[in-house]
Amino acid sequence: MSLEEEKIKFEKLADEMQDSINKNFVESLIKNNTIEFDYDNIKYHVRLPTFKEKQEVAKKRVEKYFALLKEKDSEGNYIYKLDVDLRKLYKERGMDIDIIDNDFTALESKRRLLQEKLGQALKDNKSDMELKAYKDEIETIEKSQRELTVKKAVLLEFSLENQLLIYLYTYVTFLTTEKLVEDKWVRVWPTYDLFEQEDEMLINRATGHISLLLATESL
Amino acid sequence: MIDIDAITKQIRNLAKSNYYQGLYSIDKNLGLRLFYNTVDFTPIQMNFLNYLAFYSNLFAEIYLGEIGDIVLENFIYEDAYSLWKSKDKKREQTKLKQPAETPQYTSQFIFRSKPKNKGQ
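As given, the protein sequences belong to chains A and B, one line each in that order. Using my numbering, read the first sequence as starting at 1 and increasing by one per residue. Using my numbering, read the second sequence as starting at 1001 and increasing by one per residue.
Any given hint could turn out to be false.
Heads up, incomplete: computed chain A residues facing chain B, CB under 7 Å, no partners named [unchecked claim]:
# : residue
1 : L29
2 : K81
3 : L113
4 : Q115
5 : A133
6 : I138
7 : I141
The set of hints was computed from the structure by calculation and includes no laboratory data. In this text, a Cβ means the ideal position worked out from N, Cα and C, and glycines have one as well.
Whole structure, please, built from the sequences with the hints as guidance.
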């Protein structure tokens, strides 16, 4: 077996292993509405917020929004820019996010049209070659759409709205992370101050799990 | 950290599997539990439920001969066929909703004025 063949075989094996790990992990995500993890020999879990906690998060959302809106630097300039203002600023520098949005929408229309054609071709038992041609074209469009999404996310990373969202995910992590003490789940941090002083690795792991648990749910 | 696309891929693979499709079909009749929790479903759990229904319909269509099993070859084929199918259904519904042309009725009866009774 040549070196190149061995490399391909190894990469395939690594992919299969990663797939298997992902499959087991995703299956555990499906089976329950909590995610357990170990850190420093202690068992933790994150869970969905209760109704009362959601109300608390909603209140924090308003408070934080206005706090970010008012925050100024030492020279009296507002630190955080709203999405709409950031777009204007980028436009002045020759980067138009509205064009990215329009390009994305145009690609989406094209993709749906191709999907419909592919659906019809599948129904009509067209040749593998014809089906594959549609598939390749759709894959190319999806790749371009992913690139546009990343580009936009990078550009708007520091918008006020995005900073607010990061804060909210962090706040939910503070509220809903629990540790196992004598067979009972108890809150890890009694106050937000204590949470902020916690080991960053633990916070990052818990926040990562919370973002999976809430996924697309709007806060 | 696993990205959301990788998670969606695994959710689809699991929903498509014989094991979960089998559980899903029994679950509908016997009320078996798919999850540990019975309330407060996460978006990932809802997504999984949607895909269970999606694949259940797709398998039924293959079984009924509506579409060949080549459709299961990849997610792009599955999504494309599903989109085409829903659009086709809408087209059919629109056709049915269109008012039919008003039929022109012609009577088979010939009405004549009553003959006068000459004897009166």
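May I ask you to test the interface hint for K81/A with respect to chain B, counting a Cβ-Cβ separation under 7 Å as satisfied?
-> Constraint on K81/A not satisfied, violated at 27 Å.
Have a go at the I138/A hint: is there a Cβ in chain B nearer than 7 Å to its own Cβ?
-> Cβ of I138/A sits 5 Å from chain B, so the hint holds.
Measuring from the C-beta of I141/A to each C-beta in chain B, is the shortest one below 7 Å?
-> 11 Å, violated
Please verify that hint: L113/A, Cβ, nearest Cβ of chain B, below 7 Å or not.
-> 10 Å, violated
Verify the interface restraint on A133/A: the C-beta must sit less than 7 Å from at least one C-beta of chain B.
-> 12 Å, violated
For the hint on L29/A, just tell me whether its beta-carbon gets within less than 7 Å of chain B.
-> 5 Å, holds
Interface hint compliance - Q115/A to chain B, C-beta minimum distance less than 7 Å = Cβ of Q115/A sits 4 Å from chain B, so the hint holds.
Hint violations for this structure: numbers 2, 3, 5 and 7, all remaining hints satisfied.
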